[in-house]
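Here are the chains, one letter per residue:
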Amino acid sequence: MRIDKTQISGVQFMFTVTCFIQSSSLLTAFLSEITKQDSWLAVLFGVVVCLPLIWLYRTLMVMFPDYNLIQILEEVYSPVVGKTIGISYAWFFITLTALNLSDMGSFSKLTLMKRTPDVVLIVTCMLVMAWAVKYGIRLITQYSALFVFVAFSILIASVLLVLNQINLQNFLPMFDLPAIKYVQGTHIISTIPFGELVTLLMITPNVKLTRRDTTKYLFGGFTLGWITVLVVISRDIAVLGNTLPIFTLPTLVTLRLVNLGEALSRVEILFAIMLIMLLFFKITFLYYVSVITVAQIMKTKSYRHLILAAGALITAYSFTLYPSPLHHAASAKEITPILWTFFEILMPLLTFVIAKLRKLPKEKEV
Amino acid sequence: MIPRRFRLLAVFLLSLLLMIFLSGCWDEHELHTLFIVTGVALDESDDPEKMDITVQIAKSQSKSSRSGDTEPQENYIILLKNKSGTMMEGLMEFNRDSSRTLMLNHNQVLLFGSSLAKQGIKDHIDLFMRDQDSRMEVLMIVVDGRGEEALAAKLSQDRISGMFISRVIRTMSSVSSYYQVRMLDFVSRLLEETTSPVVPIVTVTKKGKMEEIKITGMAVFKGDKMIDRLSNDETLGYIWAMGDVKHCNVVTSTEVGKAVFQIIKLDCKRDVKIRQDGGIGVKLSVNTTLSVGEISGFSETTSEELMPYLVKIAQEEIKRKIMNSFETARRLNADIYGFGTSVYRKYPKEWKSMKDSWDEIFSDIELNVQVKAHIPVTGQITQPLGMKEE
Amino acid sequence: MALVLISFTLIALIDLVPLIRKHLGHDIIAFLLLFILGLTIAILEVSGVEIPSIMLLLGDVLKSLGMSY
Amino acid sequence: MFFEFFVRKIKFLNHYRNYQQNNTENTIKERPIKIKKQLRENLDSLKTILGNSSDLKIHPFRFGANSSIAGVLVFIDGLVDNATLTNAILRPVQSWQFKDNSFPLEDELISVLEQEALCAGDVEIVKSLSDVISNCLSGNTALLVDGCVSGLIVNTKGWDKRNVTEPNSETVVRGPREGFTENLRTNTALIRRKISNKQLRVENMILGQKTRTNVCLMYLSGVVNMKVVEAVKYRIKHMDVDSILESGYIEEYIEDAPFSPFGTVGYSEKPDVVAARILEGRTAIVVDGTPFVLTAPMLFIESFQTAEDYYMRPLYASITRILRFIAYFITVFGPSIYIALTAFHQELLPTTLLFTIANAREGTPFPVFIEAMIMIFAFEILREGGIRLPRPVGQAVSIVGALIMGDAAVSAGLVGAPVVITVAITAVAGFLVPMQNESGSILRVVMMVLASFLGWYGISMGFLALLIHLGSLTSFGVPYFDGFAWTRNLQDSVVRMPLWTMVKRPKDIAQGDTTRTHFFIPPLRPYETQDEDDPEGERQ
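Chains as they are written, first to last, in our numbering: chain A, 12 to 377; chain B, 178 to 567; chain C, 18 to 86; chain D, 8 to 547.
What the hints contain is simulated information worked out from the structure, not anything from laboratory work.
Every residue gets a Cβ at the ideal spot worked out from N, C-alpha and C, and that includes glycine.
Careful: at least some of the hints might be erroneous.
[What the hints assert, rightly or not] Here are the simulated distance ranges between beta carbons:
#	chain 1	residue 1	chain 2	residue 2	range
1	A	Leu357	B	Glu226	52 to 62 Å
2	A	Pro336	B	Arg344	32 to 42 Å
3	A	Pro336	B	Glu226	40 to 50 Å
4	A	Val91	C	His40	20 to 30 Å
5	B	Thr278	D	Ser176	23 to 33 Å
6	A	Leu357	D	Ala264	46 to 56 Å
7	C	Ile23	D	Ile449	24 to 34 Å
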């Protein structure tokens, strides 16, 4: 049973992956608070750790080309157990959406609309997103390339603009922090932006690709994504140096420092535009995935009727998640990576192993 | 599919809902309800618990009231003053007492009166970092005397002294970026713990009816308290030691003549070493390209001898200035160069034990300055007038 | 409060009514699940009840299990 | 009460939709009235059907040996060419002699007349009076003969028509200057002359129960996406319309998204543009009585492609095209960005610029939003005034409006100068993309409202919503915004690559023969001859 019948192409899939990672790369404060000037190393470690993980996702995609994650779970475990795990995934996706949504709200509040209540910002955004979700996965992914393009051009422009303020000394000393910090940093970077790619398993049926193309596009998108993360973090370290950890939005501060004559100052609006666009993409995607997951678990005929209700739930839920951004930051550093490990690493791995043991999928081999 | 009637109805009602939601306009503040702050000055107050806050506001000139060009200076700016314990309270009070809201986004300079700076400024700048309205690149300046005088100064060059100071500093920053101390730089220095921030110091002098604002050196901070100042000469030594200098003059005078060089490019490589005895040795290798700006005298030297001689005196002069300012720093026991950070970056392990006793180690630093100058350009003439042939 | 009620009523009008008309059992259950959950949270939120943060609760659980940085 | 109205309206729409779907093939057809033997009877019924219209001319005459046969010519005065009438019908018929003096009988007479007597190329035999009437109404002449149950229709169309002139709506510096006219046949001929290809199909149909307007569907079979042709035909067939006076009537009935600000059917007044679109695989709908020819499907990107883009060299053409995109962006977002910057996010303006704007705003009485609204409103008034008036007067209006009113408003301190500049730039930018002028004006106001509520955030949300809307639109099954999805048709989207790189026709639009040229052949240099080692030598 396919709930959403729209198809997306390989290139769109690739840029979706990139966009997805990019959108979290810009709120790097979680990481920079812990690994400081060595954050870029943590990113590299994270990439190394995640390569096998992405390979795992890719294998699951190739093994079950017509199934989404919930269907895989039901196939691999029995329907009942699968459904139970599926419900936990539904919670995971909804929580992810809500988390990103509250990020979006607090970011907009911090940078653009200081006195506007969160509710207004979030509800406005949610309505637009609900509209986007209604048209299915194709609509939003067809813009991924555009968003990636815009994000990259803004990124390159920003690097060029702060070139005169870069101080490479800021990267020193390397490997000065306790080892546990690197472990923690790597863990954060591999679960928060990279591991969230597990959501892609929900749109497998909408991507009709050959085995080779899946690998190619998945890793291509991932590479573009982590390069962005690396560039953003390195740029912030090089410009801000030891002040990096004290800011909640290092990238914003970096861009604020751009000052080439009086006319070319105050370009942080670029950052705001980029981040709103990317976050919009990511949340819409997650929103879509949440709705599809619920629809899949309940075996509904169409997912469209669930959009608004799910949206309302996510909106309400996002207000209860954290009492303050401080809690959010603390939890993102300490709690979320461990929690997400279950959904992003352990569960897919277990599924893969059991599927291999049970020699699934059976009839697909023919 | 949702039946058409419901969809239409829904879209209509949802947009209605949106309208209700949106009818707030919380963030709207029209320009004519705002005061654009161009400078803030903090000064010591007679009440020890409080400080004097002065804000300078650029007054917008309504078109209809722009009667003539010869308007009195007072009309271009508004100065608001009050006394309060913290910055936030002060701002609240300003907003309460004035017809418009203060907008700090465009604040150009943050001035500290020298007496306040001597008491420590850390607590006063927290708001400027925390508040989203103000920006990290606001320039920090210490005023010799009271900060409000600088804001009230009537200048011949610019109507708004806040803008004037920021422009002067930005021009100076093309010489060396160390003239431009943004709040970010200041905070960065503070966070380094061992490094002493230096902040440009300006002096307001009377000149007829008008006033003049000049940079008269650098204020040296220890922690967040100003302890002393570098003179303009010492400042030159300081910025040369920091490297990356452009368009700066080196004035030398010997018994035989005077020569002024212009620095085209000056780089300073810094190399820190831990000495045998546990102290620190710093080697500064200055590599500079100069051009001859002006030469007078030297009538006794031949033209072949002249160039090597000029190079020599330039090198000596640069070295002397650097050493000079270093001696001052050592005397003040203020690590204005950030040598501590260099050690930390190079020897992170050893640093841990040194950090606490950095003051003693700093006063014991062995500084070795090597200057290498090139003079490829002599200007449009090759020799000064009246030089000996051969 | 009124706004919350209005918007939830609207959502019900938009989506639930056609679902009931079409007698789509699964869809109705899924919808009601999300809807009631959302409505409860929203109403509690609006009426000022402190809803414990799930993330923080889970964090406490994890910490008591000794899994934390 | 308000809702009730709304619900009723929606109910009606629903009902109508159902009606349309059920009403597949029962268009009301008059029962044909046979031509009677008695000429008098025929004439009587003609007169009753047409009423005694003064332009209906019935010209009786006699011919044959001894003028023994009575006949009439029926035509509408003004629609027929009198010279043709005389030379092709009257003169030959009256001077015509039976060859063997045998008198042909009734129906035979008609075919003999058709084959031997008439000097006309386009003659048709009809048997019913309704055919006679409809033909007469479209400018033909009917020849009825006493005692015959059929009549002859001769093409004598010849009314006054405009010559082929340069179109006003799309002027070019370089490129053909001819434009369509109000005459259907002229228009199809103009297209046919551009594409003399055997695959060019022209399908005729008559639409509008009252106006009986001729409409032609033109496409290049083998290239066109037949699904689009079928969709166009299907939608046209299901139109229930009594009059068609302009192609806009049809457009409204067949477009995909009637409530969207974006039009999903293209139009043009220039044969070369329409020919180019047909060659890309589009379908053209030529309507009698208007010089505007519809083309479908239409993509968003089409609004930014002008005929001249392809006649100029690609580098400059690309630059102007990018300029057009920027202009469209400005025309939609210009005033809203101004509002957001001056009323919400002053921190984003450079300090000096802020002083300038603050000085200009000082003492103006209205909030920025109202100010901008007033100026936009004034501009729309001026534009509307300028368009409808005769040209010299129109110019006077724009001079008075733009120069005097604008200047006076600024110097009186009613509005600030920056807002006048913003609105002026916005307005001028809108003219760069005439096809999207309507959507531009609507969206501009929407964005302004959003900006006045939520500043940049509102604009961002508006922009994203706009993207979503554009992404969801289709034109006859082809994604409307597809040129911007960055993954296809890149040679001719944001930039225009050289013509020789456009090897393929646009995807989704063309079907079947999608290749324009078979090789990617850059221009040969003059000294380059066909050597043996020329890698592309075998293309000969």
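Quick rundown of the hints versus the structure:
1. Take Leu357 (chain A) and Glu226 (chain B): their Cβ atoms lie about 58 Å apart, and the range 52 to 62 Å holds.
2. A hinted range of 32 to 42 Å for the beta carbons of Pro336 (chain A) and Arg344 (chain B) is consistent with their spacing of about 37 Å.
3. Distance hint for Pro336 (chain A) and Glu226 (chain B): a CB-CB separation of about 33 Å, inconsistent with the stated range 40 to 50 Å.
4. Take Val91 (chain A) and His40 (chain C): their Cβ atoms lie about 26 Å apart, and the range 20 to 30 Å holds.
5. Between Thr278 (chain B) and Ser176 (chain D) the beta carbons are some 51 Å apart, a value that contradicts the proposed interval 23 to 33 Å.
6. One distance hint, 46 to 56 Å for the beta-carbon pair Leu357 (chain A) and Ala264 (chain D), holds here, with the actual separation near 47 Å.
7. Range check, Ile23 (chain C) to Ile449 (chain D): Cβ separation about 28 Å, and the 24 to 34 Å hint holds.
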